[in-house]
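From first to last, the protein sequence lines are chains C and G. The opening residue of the first sequence carries number 1 in the working numbering; numbering runs sequentially from there. The opening residue of the second sequence carries number 1001 in the working numbering; numbering runs sequentially from there.
Derived by calculation from the structure, the hints in this document are not laboratory data. Cβ atoms here follow ideal geometry from the backbone N, Cα and C, with glycine treated the same way. Warning: the hint list may mix true and false statements.
[As the list claims (entries may be wrong)] Pulled a few chain G residues facing chain C out of the computed Cβ check, cut under 8 Å:
#, residue
1, A1031
2, I1304
3, K1319
4, E1392
5, S1395
[Stated by the list, open to error] Pair by pair, the computed Cβ-Cβ distance ranges are:
#, chain 1, residue 1, chain 2, residue 2, range
6, C, S407, G, G1232, 56 to 62 Å
7, G, E1160, C, E306, 22 to 28 Å
8, G, L1247, C, L238, 35 to 41 Å
9, C, H263, G, A1031, 44 to 50 Å
[Unchecked claim] If you want the ones that stay clear, here's a sample from chain G, every Cβ over 10 Å from chain C, calculated:
#, residue
10, Q1009
11, T1020
12, V1158
13, L1159
14, D1295
15, N1426
2 protein chains.
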Amino acid sequence: MDIQTWIQQEQTNILAGLETFLRYPTISAQANYQSTLHACAHWLKDYLHALGFQTALYGEPPIVYAYYEGPRGAPTLLFYGHYDVQPPEPLELWETPPFQPTIREGAIYARGACDDKGQVWTHLTAWRYWTAHGGLPVSLHVLIEGQEETGSETLYKVLEQNGHLWKADAGIVSDTAFFSEEFPTLTTGLRGLLYTEIRVEGPARDLHSGTLGGVVQNPAWALATILAQLKGPDGRILIPGFYDEVLPPDPLLRRQWQTLPAHESYYLSITGAPALWGEVGFSPLERATIRPTLDVHGLYSGYIGEGSKTIIPAYATAKVSMRLVPRQNPEKIWEAFQRYIHELTPPGVRISVSRLHEPAPAFETPTDSPFYQAAAEAVHEAFGKAPIPLKEGGSIPVLSALQKFISGPIVLMGFGLPTDQIHSPNEHFRLHQLWRGIHAAIAFYQKAGTLRVATPEP
Amino acid sequence: MDIQTWIQQEQTNILAGLETFLRYPTISAQANYQSTLHACAHWLKDYLHALGFQTALYGEPPIVYAYYEGPRGAPTLLFYGHYDVQPPEPLELWETPPFQPTIREGAIYARGACDDKGQVWTHLTAWRYWTAHGGLPVSLHVLIEGQEETGSETLYKVLEQNGHLWKADAGIVSDTAFFSEEFPTLTTGLRGLLYTEIRVEGPARDLHSGTLGGVVQNPAWALATILAQLKGPDGRILIPGFYDEVLPPDPLLRRQWQTLPAHESYYLSITGAPALWGEVGFSPLERATIRPTLDVHGLYSGYIGEGSKTIIPAYATAKVSMRLVPRQNPEKIWEAFQRYIHELTPPGVRISVSRLHEPAPAFETPTDSPFYQAAAEAVHEAFGKAPIPLKEGGSIPVLSALQKFISGPIVLMGFGLPTDQIHSPNEHFRLHQLWRGIHAAIAFYQKAGTLRVATPEP
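Sequences and hints are given; from them, build the entire structure.
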């Protein structure tokens, strides 16, 4: 039976399994959900065990590890994915509840539908295909973690202890997106991430802003003055030394990208913003992929309820992250960031800056490897068009750590679309991308299985 | 029986009544509490009715109105107070729940204990004293409203319709504080208030800050840049024209104030701030009373939960108010503020600015009136020391509207202390101030009753 027919016959099964996966509210950022992360990890482990993998759980929240022994002489791959999801807030903007998967208008809606459960599911389904068709054509280490959205702390630790046991010839990850439905894409690089929290403390408690207004520094205003000085009106980040290692864009790539329909109107439609804005001198596509950025993700101070309250708040906080590009050293940037924040702090308040994540450098996949070619051919076969190589602005922080145990490239064969609203309310995954993604995954393992790599004898 | 003996005998009764009053969570800012405001207003009305007042409720939330016909020839006073309170948040910082009044260490703790239920209670008790001792020595209009903390919208309307029926020779209000326990004070002026909310809107929804970071303006950062430009590093407010009408401080008053122990250490101890900060060239006392200020009361944007979420938030909001001094016109400042905010708004976002309150000009009480003298003597009698005249930085926005119907001064005879933590967690009212305040109120009505005013014949 050919791949397409098998997928068609299995549609109901495939969706039922994915819906079960999506029903676990695996919110790694919130302490309440730790038992749910466990439950989901156990469910995945059992699923892989039933497919014939050797399985184990590592660390807390559990990393699902599985191993499949492929044909002698076939290459060994390492698959990486994550079963945790972003917090679903603001809940009131979801048309259907985030953890009750719903199919409508050709897409499945749920938190994690695309990032990353739906994409992980294309591989679990591909493995099921192969175990039903004579076995996987490769040896495969599987790592599905529950902390990608919060910094992969456990995976970093587990890799230090066990990474050498999971050596592979290439890595495969589906956690990225096409440029658009019309332009199948293989992602050739990701930005790094440095995620911080700034806390400004002033008076010992909220004060009456009438009787004491004018006497002390206002922490909310002090925080605003700090944040305002992080970027200039030209969109450039003002942290001293921030751009020191950043290379100008490759002129060849720049010209290639100009052929893509990455027009202003395209970005306006996917963002719904009144106008685009960013670093002067770069196109929106360049700003979203190969230029570093700084964003404020959350602001809190004082009274944010209905109506008015006249206080000088005791403290104010902001969550701020930077996306980093190749050659930027996250530790160096972290030092420079802290130093700059302290310099910017006005008198009358105390400041503290912390990291909420293990910082990650940018990541790149070389395109000249046969494994990259195998993925390109698989996507071509499944989607009917050769994929374009393109960098993506997001981050998968742990990839650099995984790379140490993988001799070849980590191939980023993602099937999302920029319109999937990942990290936003109403996240979804288009069924068309799901079916074709499964097809591409099945084809990828087949093509990868034919490659022969020179492995040193043990 | 002398006043002090009566108060001592009545202590249990007085506290029981005040505790009942404090148990109503009369939070005017929050829609959930509207029925509670009703219940409290009815309770007050019944209480006044039982004392022999004619009573009525006006508007929504109800204004408690009462009238007592005093001896022929005695002056007519108007008492103003409020039964609503500030929101109690953050709840976790209260040592005992905000609406379960608790007596400890010589004070009664509850939201509203000082602002303004406890102070209103000194007058209700004084009226009870007088009705038990031959009747009040004055005619009295009573207005106790339920919207002082949120802008007195109803009272403004009711005054337009009925104010002419409530004409008085002088006003009496207890909603201010002593400089300290050692320095009994009569407040001779209050700052005005202009309370606003700024909302910055960017993308149509929260966006993934990796895939789209760099493409659009970040509303939280845009808001920070706006707020940062509202004040300079010298603490001066940068709204064009803001200081145009502000007079320099009276050199005589300035010298008088230098004799007060309003030292830096005093303000550090009552604020708990790491250092004082404010407009260059003015003492902390001057900055807190006779200089205009601008404060941020609340900041909100994006994800403020535990851990990290990588989004470009769809919007950001700030609550910002200005305290105004004599001669500053709130409407003119409001126009200038809006214009300036629009000028400051960076590209790529939409801005809106709204008022959460009816804006109020600053208020002043002349000290050369016999009613002011009566209050000064009453405070002297009760507290054993002549009160000092001093301006206060807070606002009672509706006073200017009340003044239209009052031919003489509105006397601000408040009994709070700067350490009472009004608007903060653990608000309290010292029992010493309660007992002496009741004494002062009883004495004030006695002294006021002896004054004769030339009233035009009807």
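So, going through the hints one by one against the coordinates:
At its closest, the beta carbon of G:A1031 sits 7 Å from a beta carbon of chain C; the interface hint therefore holds under the 8 Å criterion. Annotation: G:I1304 was flagged as interfacial toward chain C, and the flag holds, the nearest CB pair being 4 Å apart, inside 8 Å. Among the interface hints, the one on G:K1319 holds; its C-beta lies about 6 Å from the nearest C-beta in chain C, closer than the 8 Å criterion. A hinted interface residue such as G:E1392 counts as satisfied when its beta carbon comes closer than 8 Å to some beta carbon of chain C; here the least separation is about 6 Å, so the hint holds.
Hint on G:S1395 holds. Least Cβ distance to chain C is approximately 5 Å, under the 8 Å limit. A beta carbon spacing of about 59 Å between C:S407 and G:G1232 agrees with the range 56 to 62 Å that was offered as a hint. With their beta carbons about 26 Å apart, G:E1160 and C:E306 fall inside the hinted range of 22 to 28 Å. Between G:L1247 and C:L238 the Cβ separation comes to about 40 Å, which falls inside the hinted range of 35 to 41 Å.
For C:H263 and G:A1031, the hinted distance range of 44 to 50 Å is satisfied, since their beta carbons lie about 45 Å from each other. With a least beta-carbon separation of about 34 Å from chain C, G:Q1009 lies farther than 10 Å from that chain, consistent with its non-interface assignment. In this structure G:T1020 is separated from chain C by more than 10 Å, as the shortest Cβ-Cβ distance comes to about 25 Å. No beta-carbon of chain C comes within 10 Å of the beta-carbon of G:V1158; the shortest separation is about 20 Å.
At roughly 21 Å, the least C-beta separation between G:L1159 and chain C is larger than 10 Å, which holds for a residue marked as non-interface. With a minimum CB-CB distance of about 4 Å to chain C, G:D1295 fails to clear the 10 Å threshold, and the non-interface call is violated. Chain C draws G:N1426 into its interface by the beta-carbon criterion, the shortest separation being 8 Å against a cut-off of 10 Å.
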